[in-house]
Amino acid sequence: MQKRAVVTVVGKDQVGIIANVTTVLSENEINILDISQTILNDFFTMIMLIDIKDTNNLARLNESFDPVEKEMGLKISIQLEDVFQAMHRI
Amino acid sequence: MPIAFTEVQETIRMVEMESLDIRTVTMGISLRDCASNNFEDVNKNVYQKITSYAKHLRSTAEEIEREYGVPIINKRIAISPAAELLANATKEDGISLAKTLDKAAVDLGVDFIGGFSALVHKGISKGDQVLLDALPEALSVTERVCASISVATTRTGINMDAVEKMGQIIKETAELTAEDNSIGCAKLVVFCNPVEDNPFMAGAFHGAGEGEAVLSVGVSGPGVVLHALKRYPDADLGEVSEVIKKTAFKITRAGELIGRVVAERLNVPFGIMDLSLAPTNAINDSVAEILEEIGLERVGTHGTIAALALMNDAVKKGGAMASSYVGGLSGAFIPVSEDNGMIRGIEDGALTLPKLEAMTCVCSVGLDMIALDGNVSANTLSAIIADEAAIGMINKKATAVRVIPVIGKEEGEVVEFGGLLGRAPVIGVSNFSSDKFIKRGGRIPAPLQALTN
Chain H
1 MQKRAVVTVV GKDQVGIIAN VTTVLSENEI NILDISQTIL NDFFTMIMLI
51 DIKDTNNLAR LNESFDPVEK EMGLKISIQL EDVFQAMHRI
Chain R
1 MPIAFTEVQE TIRMVEMESL DIRTVTMGIS LRDCASNNFE DVNKNVYQKI
51 TSYAKHLRST AEEIEREYGV PIINKRIAIS PAAELLANAT KEDGISLAKT
101 LDKAAVDLGV DFIGGFSALV HKGISKGDQV LLDALPEALS VTERVCASIS
151 VATTRTGINM DAVEKMGQII KETAELTAED NSIGCAKLVV FCNPVEDNPF
201 MAGAFHGAGE GEAVLSVGVS GPGVVLHALK RYPDADLGEV SEVIKKTAFK
251 ITRAGELIGR VVAERLNVPF GIMDLSLAPT NAINDSVAEI LEEIGLERVG
301 THGTIAALAL MNDAVKKGGA MASSYVGGLS GAFIPVSEDN GMIRGIEDGA
351 LTLPKLEAMT CVCSVGLDMI ALDGNVSANT LSAIIADEAA IGMINKKATA
401 VRVIPVIGKE EGEVVEFGGL LGRAPVIGVS NFSSDKFIKR GGRIPAPLQA
451 LTN
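Chain order of the listed sequences is H and R.
Numbering-wise (my numbering), the first sequence opens with residue 1 and increments by one.
Numbering-wise (my numbering), the second sequence opens with residue 1 and increments by one.
The reader is advised that the hints may include incorrect statements.
Stated by the list, open to error - Ranges between beta-carbon positions, derived for each pair: (1) H:D42 - R:A208: 54 to 64 angstroms; (2) R:T452 - H:S36: 20 to 30 angstroms; (3) R:A87 - H:N62: 50 to 60 angstroms; (4) R:S324 - H:I18: 52 to 62 angstroms; (5) R:G295 - H:R60: 44 to 54 angstroms; (6) R:G295 - H:K70: 40 to 50 angstroms; (7) H:D42 - R:G412: 45 to 55 angstroms; (8) H:N31 - R:A358: 50 to 60 angstroms; (9) R:K396 - H:K70: 52 to 62 angstroms; (10) R:P269 - H:N62: 26 to 36 angstroms.
To be verified - Listed next, the in silico DSBU-like pairs over lysine-lysine satisfying Cα-Cα at most 35 angstroms (straight line): (11) H:K53 - R:K230; (12) H:K75 - R:K103; (13) H:K75 - R:K126.
Simulated from the structure, these hints should not be mistaken for laboratory data.
Just so we're clear, the structure is a prediction, and the values are computed from it rather than from any experiment.
Cβ atoms here follow ideal geometry from the backbone N, Cα and C, with glycine treated the same way.
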């Protein structure tokens, strides 16, 4: 069963952010459903829709982002998609 | 329809920068089946029932907080009014029950347990009397137990004998906890028209019309409303109401979703969603600052009541559409010590006790977390309660009094309560006595509900 989550990545723009983040996802065998990305005042913002499959994977995935967050000075968060649906769709 | 980039950003901004949070998930538990002839058994039954029903409350809430990325600040428990268990008990039994509740809360890792309560708006039964007698000491020897007493309703009028007693109890509690800035009083609310499903403390209890166990949610987000309004500095008041409504809608939807998930995982029915704007001492997380953003130089000045009425109503309208079951106190809280804007209003002389009383006519609760001069007499406290109860009784709304006469402090000093309870400037009261009024006792009859002028 598909269970979708939203990954947001925010940080100072630099080479290799997408490569590093998507590598972590592929290592965890997570499929990406949608990506959008923009640069605002030197700040890189990326939002990805992923298929997390099972909510139990969330904590593990969060942990595996830690090294990338530290190394590149990024803030990466994962939230289940439902919360956005609830807030922005009737 | 997929979620747009800007919508994702808006939610993240609300959580990260504007203090959007689920203020509390509160599990209501009925303790009626814990009664026994032997009070040791009562204590045992109560501990057993609470710790088994709420065993996973904290861990489940934390798990869901991680999954959805929305913080859940407090995990709480509300029990059916404790006075129901005390009809054949002694004062000491009452105190031991409070200790049992406190221990259950500590062992479960929940922040507060509410419902050390009695409903005495018409008369005081045996169990109620035991609870009232035990109250000052119970509040001074426990940390997480919250008490509430209903002394008036629109349908019954005001029980002035109970009001007199409450003035004495508040004073005594203040004295017993004098070393800690009379903090015991911060855990005691006196109600008119209390609601049975309020998830917020200190007034939460599991009412007589509720089921065996239920999960209710309180959301908050003054900061989110404030930031939304900042984007419309020149909007007229109709548009201001619209902005607040839309923001309240979004906040409530997040709360409802998370409440339902918590309830489902704990296998407990979802009760209600309480969409109260509850301030904290975090920067910009203030209800008073919303009023100032609407256009008041300081909260408390002329126009405060109108602005508060507009805000309170808009919050309800937005929330009512967002949730299937709205309940609790729903509206705006104006606790003084927990709101930096309110504190500043008092320090600058803009906000006074009479103005605060007037504000309670149009917002969700009442005089909340107000530090009073430690020399205030029990009868004056009773008279303050009577005034507030009259406002609630006539206006058919919940009102409450949670005041802290801080022993050893006088008007103008500032007390630090710490944590979520914040700090408050001490306010003076009228020097004129209300003694004779309070001494008369009896009941103020229920008001007419027609001929409303």
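> Of the numbered hints stated previously, which ones are contradicted by the structure, given in increasing order?
Replying inline: Result: hints 2, 4, 11, 12, 13 break, sorted rising.
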